[in-house]
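Enquirer: For the sequence shown, this note's numbering begins at 16 and goes up steadily by one.
Please note: incorrect hints may appear among the correct ones.
[Said to hold, decoys possible] Here are the computed distance ranges between Cβ atoms for each label pair:
no., residue 1, residue 2, range
1, T103, R346, 30 to 36 Å
2, A384, F203, 33 to 39 Å
3, D135, A408, 36 to 42 Å
4, A392, H197, 14 to 20 Å
5, F328, D135, 47 to 53 Å
6, S58, G316, 21 to 27 Å
7, L127, A348, 37 to 43 Å
Keep in mind that the hints were calculated from the coordinates and are not lab data.
The beta-carbon is built from N, C-alpha and C at its ideal position, and this holds for glycine as well.
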Amino acid sequence: MHLSRRTLLASATTTALPPRTAHRERLRTGFERLAADGYSLLSGQKVGVVTNPTGITRDARHIVDVMHQDPRVRLTAVFGPEHGFRGTAQAGGSEGRYDDPATGLPVYDTYLKSGRPLADVFTASGVDTVVFDIQDVGARFYTYIWTLYDCMEAAQLAGRRFVVLDRPNPVTGRRALGPVLHKEFATFVGRQPIAQAHGMTVAELARLFNGEYLTAPVPLETVPMTGWNRAGFYDASGLPWVPPSPNMPTPDTALVYSGTCMFEGTNLSEGRGTTRPFELLGAEGVDGRWAAAANGLGLPGVRFREAYFTPTFSKFQGRTVGGVQIHVTDRNAYDPVRTGIALLVTARTVWSGFAWRSDDWIDKLTGSARVRTMIDAGAGTDEVTGAWQEELAGFRRIRKEYLLYK
């Protein structure tokens, strides 16, 4: 995308309620700021909200319930993503079309819809403005950011306004890490060429999508947070944590997820069916040699404990497996993507049963065939991670144009 396109989009992309600078100001989410302003941004509009259980206030009320009870905003529809608006569905599921018992509002299903079919949903709902408020976790393959992308595209096709209410990146916004998606590997776990750990908030991503990747920009307005800085982890926000999906129970899960989710592309368990998904990894036949090999690398900010566990669902359901538990000792030094690559390399070295999923899902997760083919060829951690540095530098340059916070 040329600079001239970005310049043209400056007028098409409006940032509402720009953040103020304040010393040690309490974090206020985009929704908090929208409500404090009397919902003036939504005045005279029929509003639909794309959200899930993470769309809550500081006192743990859902924003849909709050807005429904407030006469200053005309909320007429809700749009549910993967796992659903109220969060009743597991991975790969949604709640379908229904009327919300608490509010009576119609709830429309967006999961696996994009382009014109999703635009038709927005048209059928009768809304004028689509509002997005979902907590992200900072990884390219976490599908809510692609729900954001698909909804922006569909809103443009349907001629609707689009408003993004910002929330913190729980693993900080300090840096982008990992390989950048190659477009021929685009799926719902990665629509566009961003880094595996993007280091952005959803409002920043919306600006990036509008300026770089959408065929035509949507009328976009963002409501940034105040009181958030790029170095802040989620526990500094003062906000309650609601699992964005059933296997993202804590901010600790989010901290490792952008690296260990790559194990979904292997025959090892990524810890689904345990109380520590993505922190526990293993398979039948794996023993203490894996933890020893991983610890021997001296990776910064992390240690690995030999662990045994029995998943209650997913891979190895009801069977005891051996593997590792990841213990992050210094989250500022910890690099989740490099750590994930190191664990793939060492798992393949110490366990003869190691295999990729037969559908090459690892390629979709990492954004190309490179990680799989390099590890199969015997490449080490430094060689694999070194292979994406040029494309990562390119993404970082583009990313800087769309950041909202220091």
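Enquirer: Next step is simple, just say for each hint if it's right about the structure.
Expert: Status of the hints after comparison with the structure:
{"no.": "1", "hint": "T103 <-> R346: 30 to 36 Å", "result": "holds (32 Å)"}
{"no.": "2", "hint": "A384 <-> F203: 33 to 39 Å", "result": "violated (19 Å)"}
{"no.": "3", "hint": "D135 <-> A408: 36 to 42 Å", "result": "holds (40 Å)"}
{"no.": "4", "hint": "A392 <-> H197: 14 to 20 Å", "result": "holds (18 Å)"}
{"no.": "5", "hint": "F328 <-> D135: 47 to 53 Å", "result": "violated (35 Å)"}
{"no.": "6", "hint": "S58 <-> G316: 21 to 27 Å", "result": "violated (47 Å)"}
{"no.": "7", "hint": "L127 <-> A348: 37 to 43 Å", "result": "holds (38 Å)"}
When each numbered hint is compared with the structure, violations occur for hints 2, 5, 6.
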